[in-house]
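A.B. asks: Chains as they are written, first to last, in my numbering: chain S, 1 to 339; chain Z, 1 to 228.
One should not assume that every hint holds.
Which stretches of chain S does chain Z cover? Using the computed rule of at least three CB atoms under 8 Å from a CB of chain Z, they are [claimed, not checked]:
1) 115 to 122
2) 129 to 135
3) 139 to 152
4) 204 to 214
Derived lysine to aspartate or glutamate pairs resembling EDC-like cross-links, with alpha carbons at most 16 Å apart [unchecked claim]:
5) Lys223/Z with Glu198/Z
6) Lys79/Z with Glu39/Z
7) Lys167/S with Glu198/Z
8) Lys161/S with Glu54/S
9) Lys143/Z with Asp191/Z
10) Lys129/Z with Glu133/S
11) Lys141/S with Glu198/Z
12) Lys311/S with Glu284/S
13) Lys180/Z with Glu65/Z
14) Lys104/Z with Glu228/Z
15) Lys338/S with Glu54/S
16) Lys167/S with Asp126/Z
Hint data in this document are derived by calculation from the structure and do not stem from the laboratory. Where a beta carbon is used, it is the ideal one built from N, C-alpha and C, also for glycine.
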Amino acid sequence: MKTTGFLLVAFLFCLGMVSFSVDSSTPIYLEVPSGWPKPIYNFKNNPLTEEGFELGRNLFYDPILSRDNTISCSSCHLQQTGFAHVDHELSHGIESRIGNRNAPALINLAWNKHFHWDGGVNNLEVQAINPIENPAEMDEKMANVIVKLQQNQQYKSLFRKAFGDEKITSQRLLKALAQFTVMLQSSNSKYDQVIQGKAAFSSQEQHGYDLFKRHCATCHIEPLFSSNSFENNGLTIDNTLNDYGRIKITNNKKDSLHFKVPTLRNIQFTFPYMHDGRFKTLMEVIKHYNTLKYNPNMAPALSKPMQLNDKDRVDLVAFLQTLTDRDFLFNPRFGFPKK
Amino acid sequence: MSKLSNALMFLLISFPMLSQKNDSIAVNFKVNFDQFPLEFNKSYVSAQNDTIQISSFKCYLSGIEIHYTDKTVFIPKTKPHLLDYAIPNSMQLALPNQRKTIAKVCFNIGIDSVTNTSGALDSDLDPIKGMYWAWQSGYINLKIEGQSSSCQTRKNQFQFHLGGYQQPYYNLRRKEINVKSQDNSINIVIDLAVFFAETNLSKTNAVMTPGNKAMELADISAKMFFAE
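Pulled out of the complex, with its shape left as it was, chain S reads as follows (with noise of 0.2 Å):
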């Protein structure tokens, strides 16, 4: 009985200094808006706290995460631009290498499901392995970014902050990262505030929101403006690159150029548009949707084409810009770290 009161004793004393060390760091959560479906990234895995979000920030921007020093994440996902890369085709990186796609924009991951343009990766966590490691992007290795960040010490002390001690493995970089990507929530638009009765659409606005449940709400699901499938949108393969894309991942023919169906938050300025960049502005990307021709791949809603006259176009784009948010461009907290 004394022995066991002994032990009591000790576990509570070891306890107590266990959870000190935890406790040091401050949680935080991902505030999900009322009318919005339940978030699929599993926080239970990767609680997110202050300085978890405040590494992955660190990491976001930081090109250590390079070969040589010189491409972050944020060359290719510009925080004014829905962290989209703007005016690029196709994405470059290290040493004005081409890449094969359009990186796209990082708005709202909490809610997807895979992640790329053919969804190959399963899970946001271990996206950024693809980037850092990929020639034309990062061009680096995963094992040599922990020796540049082990011999660093503002991330021994970013890492102790965030986890307890100065340990660096990638599973706790890329856990890292996540909080940070995962936080990069877009919710306070005009659409979501006339949504909310806190604004009111023009009548050009809310004609082109009527127009946008009528043509493009099936796939383009409110209130994320997307759905986690993949689609053949008609458009034909471009030679010069022939990426099927999610084909390459299941193997299965039906997949035949199918990608990703991406948010449609913030597109005003997440231009160019499609996976490979192939249109400059909105006007262009209706234009697609108003003439396509049949194929019998393609996603079913879209097998009559729009057939919109010029003021009806006006009026889409007019909508789709009220899906601009600027409280999320320009949020400090998404910015670049303060030193």
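Given the structure of chain S, go ahead and fit chain Z onto it with the hints provided.
C.D. replies: Quick look at chain Z alone, frame taken from chain S:
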């Protein structure tokens, strides 16, 4: 305070004693080519008459179960383990001993689908181990690399990276091996000659994605494992 330090002393002393009481079972994996221990970069001739040199052999073990002659089963709480023939220590697993006669050892060759979708993992599942596909998330279950004059490829190389966690290309293979062991060790042979006896290297020499070919080769590679 003295009570507290007494208790701490008790804990410090008792932990090593507890662990010493538990003998362990050693599960040894012996990589052979026919009857002989494999040597990297040594020339072997396969049953298909291919001259082969092996430069790498790695595979994941998971879901280990020890079945005893009294029909009881012990499921050790071990994480997936990476066997890497280049690292001798990795070829042995130490499991807690239940002091009973072992009848059968069961394990998966590879990583299950739940683990494959669980995000960033550590230890043997750390992606820096070279057993992870980044562009198509998922672990490589088994890797064999080397050279053969039968391969019309760059530097005559062959590369078999077998994996895939989604149906219809779920690449994991469950293995049951009957053993007779009353002492504390089990020896399991992995005979690469079995793999090359059934693989036509002039036709099949690079498989690095999930698919039908990887499924066929996983079936063949599972036959390499047997009790010594």
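A.B. asks: Against the structure shown, which of the earlier numbered hints fail to hold, in ascending order?
C.D. replies: 4, 6, 7 and 11
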